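Colleague: Sequence:
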Amino acid sequence: WDEIKKGDFIVHYNEGIGKFLGMEKMDIDGEEREFIVAEYQCGDKLYIPVEQIQFVHKYIGDKKPQLSKLGSKNWIKLREKVKNSIRDLASDLYNLYLERKKEKGYRFLPDDKMQEEFEESFIYTETEDQMKAIEEAKRDMESDKITDRLICGDSGYGKTEVAMRCAFKAVLSGKQVAIVVPTTVLCLQHYLTFTERFADFPVIIRQLSRLVPEKKQKEIIENLKNGKVDIIIGTHRLLQNDIGFKDLGLLIIDEEQKFGVVHKEKIKTIFKRVDVLTLTATPIPRTLYMALSGLKDISLIETPPAGRLSVITYAGIYNEGIVKQAIKKEIERGGQTFYLHNYVYDIDKVKRKLEKLIPEAKIEVAHGKMKPEKLSSIMRSFSKGEIDVLVATSIVENGIDVPGANTLIVDNITRYGLSDLYQLRGRVGRYKWRAYAYFFIPPHIPINENLKKRIDALQKLNSPGSGYKIALKDLEIRGAGNILGKQQHGFIDMVGFNLYCKFWREVMGEIKGEKVEKEKEVKFNSILPSDIVESPSLRFYIYKKMSEIKTEEEKEKFIEEIKDKFGTLAEKLQLWILES
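Each residue of the sequence shown is one higher than the one before, counting from 207 in my numbering.
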């Protein structure tokens, strides 16, 4: 949850950014009341009655904010500036959305027996979210509008299968499919995954990247133009001028946020009237997803595959003993290890050190500066399980799916942002075995407050899908920036992410002509007894959740959550909630 601690920043809708000092009870006219206490500029304090908690949000942003001055008009001006920027953007997006709906696209054929056979050959059980995403995407394709859908889900949640089913559908309608990916390694990975998945069906799949020899590239491009290739998987090589198609029907963009502005613009220009499916592992918070639902077609996959276990995460000072034990343990159970070292200049030295430490291990190196043939050969061998330990740079960050690799070791986390580490961690734990991630800090690097926070956040990552939780709000902010543009990222920092999402909901209500109800004070029949919950952080959370409940169903859901979290005290708390 949006856990709030003393000293954290909060943002009040009318008063701006303050610092949370805690909760305080006071006797007002013989009645006990409770207040949220916040500090503002010049040490001024604001006492906010819990009945007005819906005006208070935890501040979440990339930068440390400045405290607002109580009573100043600057905050109101800033708030309106942000809201107006959202109005302008929302209006543009809405008009664009209506324009696209008017444009007629190709109607792909309904599912036939072969499509059913392909879908039944999937060896796993689809999750509810995954099935919904598949149905939504196929429904788009069968309609006469131009498809432009974003599929959003954590690493390993089954986005690739959604893409495969849509690609197969396009091929059955006599169309070609282009899949654009940001890295050569991901291109190879997708090529191997697609060829294996389509092995029993008459579909011709090729890849285009620097890993493919030039002579072979020319042959593939010729066949692409003649319609002899059904599915082409490629890096930005697919955006070059010599590329042509006989009849392109579907474009799939994987990890779009990894492409630069120039490549993104080129994609838009080249594939103007083609159906587009975009896949991203950068999460979008549900609140923003709901607000954008009238502007963009988005499918959220939030459920982990059945039987997927959480990754046990360790973070601390580099320890050779732990490294040796982790790799040996993985080899003993027939598994493989990713060892991440992000410096190319001494990566071979790291390999030699590990070979000394674990002589029985087959160890190889992979990085972007290797000869294409060598890199391709090593990645294939690792995928087949012929290598025990792959010492690699962060080229393995995106989309690498090696079911046998269930241990990840990162020898220096100071080189990565929190969201990068989260994505890296998604490379393991994709199988039914328990996976382990070890995040190390070299002994010579002093641990400052920032690193402490990062270690703490990493330790909280022990459940699948936790990318949607507070430890990774920076990912959500990044996700919002990806969808809405860089400028909006700055506006998010001005008011904090939670209030920013609220503005989007309000603005979308205005655009759609919905009646926007003014926030009312929440009525609590009594304040929360201290013998049930003492912690100011939890008290804030409970009052906040109560203020957001609109239906009986939401109340029931919250009571279920309470039962999980509060054990023996749950009954008393439940009673208070029902009475309130």
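By construction, these hints were calculated from the structure, which means they are not laboratory data.
Bear in mind that the values here come from a model prediction, so they are computed numbers and not experimental data.
Beta carbons: idealized from backbone N, C-alpha and C, even for Gly.
There could be a bad hint or two in this list.
Below, in silico cross-link-like pairs of lysine to aspartate or glutamate (EDC-like), each with a Cα-Cα straight-line distance of 16 Å or less [unchecked claim]:
1) K351 to E420
2) K351 to E305
3) K590 to E570
4) K577 to D354
5) K351 to D503
6) K559 to E570
7) K751 to E762
8) K344 to E367
9) K307 to D503
10) K308 to D354
11) K212 to E238
12) K424 to D448
13) K750 to E420
Ranges of calculated distance between the beta carbons of each label pair, as one might list FRET restraints [said to hold, decoys possible]:
14) E230 to Q272: 56 to 66 Å
15) R479 to K562: 52 to 62 Å
16) D318 to K659: 19 to 29 Å
17) G513 to R293: 23 to 33 Å
18) K659 to E716: 12 to 22 Å
Colleague: Does each hint fit the structure? Answer for all of them.
Modeller: A quick look at each hint next to the structure:
1. K351 to E420: Not satisfied, since the Cα-Cα distance of roughly 38 Å exceeds 16 Å.
2. K351 to E305: The given pair, whose Cα atoms are some 10 Å apart, holds under the 16 Å limit.
3. K590 to E570: Answer holds: K590 to E570 is near 14 Å, not above 16 Å.
4. K577 to D354: Judged against 16 Å, a Cα distance of about 37 Å means the pair is violated.
5. K351 to D503: Between K351 and D503 the Cα gap is close to 12 Å, so the pair holds against 16 Å.
6. K559 to E570: With a Cα-Cα distance of about 12 Å, the restraint between K559 and E570 holds, given a limit of 16 Å.
7. K751 to E762: 12 Å, holds
8. K344 to E367: Since the Cα atoms of K344 and E367 sit roughly 13 Å apart, the hinted pair holds (cutoff 16 Å).
9. K307 to D503: 11 Å, holds
10. K308 to D354: Distance of about 13 Å is within 16 Å: holds.
11. K212 to E238: The given pair, whose Cα atoms are some 23 Å apart, is violated under the 16 Å limit.
12. K424 to D448: With a Cα-Cα distance of about 9 Å, the restraint between K424 and D448 holds, given a limit of 16 Å.
13. K750 to E420: 60 Å, violated
14. E230 to Q272: 56 to 66 Å: 25 Å, violated
15. R479 to K562: 52 to 62 Å: 58 Å, holds
16. D318 to K659: 19 to 29 Å: 54 Å, violated
17. G513 to R293: 23 to 33 Å: With a Cβ separation near 46 Å, G513 and R293 fall outside 23 to 33 Å, so the hint is violated.
18. K659 to E716: 12 to 22 Å: 38 Å, violated
Violated hints, listed in ascending order, are 1, 4, 11, 13, 14, 16, 17 and 18; each of the other numbered hints is respected by the structure.
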